[in-house]
Amino acid sequence: MLNKTLNINTSPHITKGISTDVIMQNVIWAMLPLVMFATYAFGISALLVILATTAAAVLTEHFLCKISKKDTTIKDWSAIITGILLGLTLPPAFPLWMAFLGGVIAIALGKFVFGGLGYNVFNPALVGRVFLQASFPVAITSWSPALLAGRFTSVSSATFTLPFMTPKIDAMSGATPLAAFKFDKIATDTQDLALGIISGSAGETSALIIILGGLYLIYRNMMNWRVPVSILTTVFVFSGIFYLLDKTTYPSPFFMLFSGGLMLGAVFMASDMVGSPITPKGIWIYGFAIGLLVVVIRIWGGQPEGVMYAILLGNALSPQIDKLIRPRVYGTIKKSKK
Amino acid sequence: MFNSKANTFKHGIHPPENKDDTNGIPIRQFPFAPVVIIPMVQHIGAPSKIVVREGQEVMRGQLLAEADGYMSVPIHSPETGVIRKITRVPTISGQMVDGIYLEAFPSASQEVAEGIPTSLDASPEEILKAIQNAGIVGLGGAAFPTHVKLKIPEGKHCETLLLNGIECEPFLTTDHRVMLEQADDIFTGIRYLLKATGAKETIIGIEANKQDAANHLTERIPSDLPVTVKVVPVKYPQGSEKMLITSILGKEVPSGGLPIDVNVVVVNVATTAEIGRLLPHGRGIQERVVTITGPGIKKKGNYLIPIGTPLRYVLDYVGVEDNLSEVYMGGPMMGVAVSNLDISIVKGTSGIVVFSNNEVQDEKKIYACIKCGACVDACPIFLNPSKLGILAKAEAYPVMASDYNLMDCFECGSCSYVCPSNIPLVQYFRLAKSNVRKENNRQKELANAK
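Chains A and B, in that order, are what the protein sequence lines are. In terms of this note's numbering, the first sequence opens at residue 1 and continues consecutively. In terms of this note's numbering, the second sequence opens at residue 1 and continues consecutively.
Take these hints with a grain of salt, some might be off.
[Stated by the list, open to error] Below, a list of computed lysine to any residue pairs in the SDA-like style, where the Cα atoms sit at most 25 Å apart:
1. 195(B) <-> 119(B)
2. 433(B) <-> 328(A)
3. 300(B) <-> 29(B)
4. 433(B) <-> 10(A)
5. 16(A) <-> 209(B)
[To be verified] In silico negatives: residues of chain A with every beta carbon more than 12 Å from chain B:
6. 39
7. 135
8. 248
9. 278
10. 322
11. 330
Since the hints were derived computationally from the structure, they do not count as laboratory data. Glycine included, each C-beta is placed from N, C-alpha and C at the ideal position.
Let the hints inform the model, and build the full structure from the sequences given.
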């Protein structure tokens with residue numbers, strides 16, 4: 001009876017059983033309500049933008065794997081995350097060909113050139129977003145208001161702009177709350193901000209749904225809670241100080257927290273494990289740096305929004321943070337630095 | 001002396017304990033196998049030197065092989081019988097080593113030979129010698145010769161004798177049963193150990209999942225013995241010497257150092273019981289308690305098994321499920337997978353865990369490191385396994401050792417356990433450590449040659 005072939009492997013022979021693809025899938029589940037809300041608030045146009053970026057991301061990853069003669073890595077689900085995230089950061093009425101191009105760039109230049117999943121320095125979705133911001137400054141700042149009538153039956157005139165053509169911008173464009181404040185000093189109601197019934201990128205408007213998605217990931221132990229907490233706290237405190245100094249010039253800290261892409265960035269982008277430091281202490285520093293940069297760019301920068309650049313700079317910092325912040329190894333006296 | 005803050009170490013993991021199948025079952029005597037296979041390598045150090053010849057009749061407990069120098073221990077006969085063959089025998093590492101095939105006399109009474117007793121009035125040196133003569137090694141699994149560990153180096157002194165009753169490996173319950181059933185032997189052992197080390201106090205460290213054992217021992221502490229029992233929260237790898245010292249005493253063993261550097265000697269509870277049982281009779285170790293468990297085993301439990309009993313015989317007796325797939329010696333975290341059932345139970349075998357096809361996952365896909373930091377949060381000595389893993393893949397072994405404290409890794413496997421990308425981190429580190437050691441030895445030889 002005992003002449004079976006035994007399996008041999010090295011210890012440990014048991015594992016916790018949460019694998020990378022499962023983590024990635026859960027991030028997608030956490031973002032789905034956001035996609036649904038974007039569709040509800042901004043209609044079919046927003047959904048099409050998200051589908052375009054996601055399709056572009058997955059196809060690009062698959063294609064690049066094929067031409068470099070590697071097994072395709074789309075099964076780890078991470079390309080889908082990049083696609084959805086990029087789609088969520090774009091204006092709902094963004095031309096689809098531009099969105100698709102953004103998805104291609106995100107994967108090709110944001111991820112693949114670094115060696116694929118795990119090796120990318122920057123969050124790929126943000127690399128795509130930066131490319132689009134630089135290439136199509138008008139289209140990417142053409143916001144449509146939320147809850148437009150007819151949003152489920154017709155798409156924005158810009159959506160189906162032919163490739164390499166400049167879109168016709170709808171007459172009914174709405175300024176984002178951040179732009180409204182920056183350029184016209186108009187403050188938006190905080191309740192509208194939290195619920196997301198405002199102009200903005202497809203997925204960044206509803207802080208409430210973003211927070212719920214984040215709480216789910218934290219509960220599943222698939223996201224480091226320190227990332228959003230450190231960023232949001234820094235933004236709140238730092239902007240709060242300015243608000244107290246001069247309430248007419250500076251926005252209130254609540255407005256800062258709930259406006260623009262901060263919530264989406266802090267919860268779903270800065271928390272990307274690959275681009276953030278690996279030690280808890282390192283993450284506090286990373287979050288603090290991002291929070292600080294967000295406030296600096298928003299208050300003094302030429303653009304109303306700074307979350308994207310702040311996170312990219314944080315990504316760039318994190319390898320250095322990991323080099324400097326190293327826990328004392330058990331039984332050693334000083335930190336071994338080099 | 002007592003640090004009230006300390007009750008566990010930092011980091012670590014909580015794998016499912018899986019101890020309930022066996023921790024309630026008393027230790028049972030295992031039958032004597034018709035043939036036992038006794039390898040001469042059952043401990044760390046020089047192999048034992050065979051002193052019997054083929055065809056010779058031996059009595060249970062009789063000396064079969066003597067220690068080959070200080071860093072070695074003798075081996076005693078586990079059964080009364082005849083030496084059938086002296087040849088190369090298989091071991092779990094796959095290596096063939098010198099060994100003995102011993103055929104038992106079916107009708108022998110299996111009485112154990114008496115030796116020259118060592119009393120508690122003996123000098124520390126005499127006790128250490130007696131411990132070596134009894135063939136005692138660390139029964140927790142390391143199989144390091146106990147007399148070497150107990151020898152206090154010149155210029156150092158031992159303050160605390162720490163008894164390791166942690167048993168943090170999932171599935172294993174041998175120490176648990178030994179503490180419940182062999183309290184008197186443990187306390188006698190402590191007397192010898194206190195004498196040998198000069199320690200002033202004894203602390204028995206036990207994890208909270210063995211509260212019954214802690215209560216049992218506490219009630220039986222002899223009034224003249226300076227013993228305290230301390231219960232600590234369950235966490236892996238608390239049974240490692242370093243982690244245990246931190247949990248119980250709040251001290252850290254210096255990197256590259258030994259427990260004695262913080263005036264502590266750590267001995268496993270089952271080893272202590274063995275000392276207490278054997279020394280008064282001058283006997284040698286000829287059997288040990290082994291947990292046989294896992295979903296693939298029919299008659300799970302703790303068995304007192306003669307050293308040298310073939311694994312095949314053991315599994316036949318306890319019964320295995322038809323879809324048996326993996327067999328480990330030791331626990332699932334640090335145990336070694338068995339490839340050949342013709343190896344035997346040795347002094348360091350604390351458990352046999354058998355998984356069937358149902359538990360064994362299909363080949364796990366290895367993903368790239370996503371720097372999630374789970375390993376960093378798990379590593380009990382605060383290494384960065386993620387970074388080390390990347391360096392290991394690039395075979396940058398010297399950098400791993402010089403800049404990232406590779407040599408402090410004691411291979412507990414917590415990093416591999418938590419890694420979502422299924423990167424075989426601890427296997428990388430074993431390989432890296434062995435490479436670094438080889439390179440260091442080569443450098444030394446070069447330096448000597450000059």
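Hint-by-hint comparison with the structure:
{"no.": "1", "hint": "195(B) <-> 119(B)", "in the structure": "holds, 11 Å"}
{"no.": "2", "hint": "433(B) <-> 328(A)", "in the structure": "holds, 20 Å"}
{"no.": "3", "hint": "300(B) <-> 29(B)", "in the structure": "holds, 13 Å"}
{"no.": "4", "hint": "433(B) <-> 10(A)", "in the structure": "holds, 16 Å"}
{"no.": "5", "hint": "16(A) <-> 209(B)", "in the structure": "holds, 20 Å"}
{"no.": "6", "hint": "39", "in the structure": "holds, 29 Å"}
{"no.": "7", "hint": "135", "in the structure": "holds, 29 Å"}
{"no.": "8", "hint": "248", "in the structure": "holds, 43 Å"}
{"no.": "9", "hint": "278", "in the structure": "violated, 4 Å"}
{"no.": "10", "hint": "322", "in the structure": "violated, 8 Å"}
{"no.": "11", "hint": "330", "in the structure": "violated, 4 Å"}
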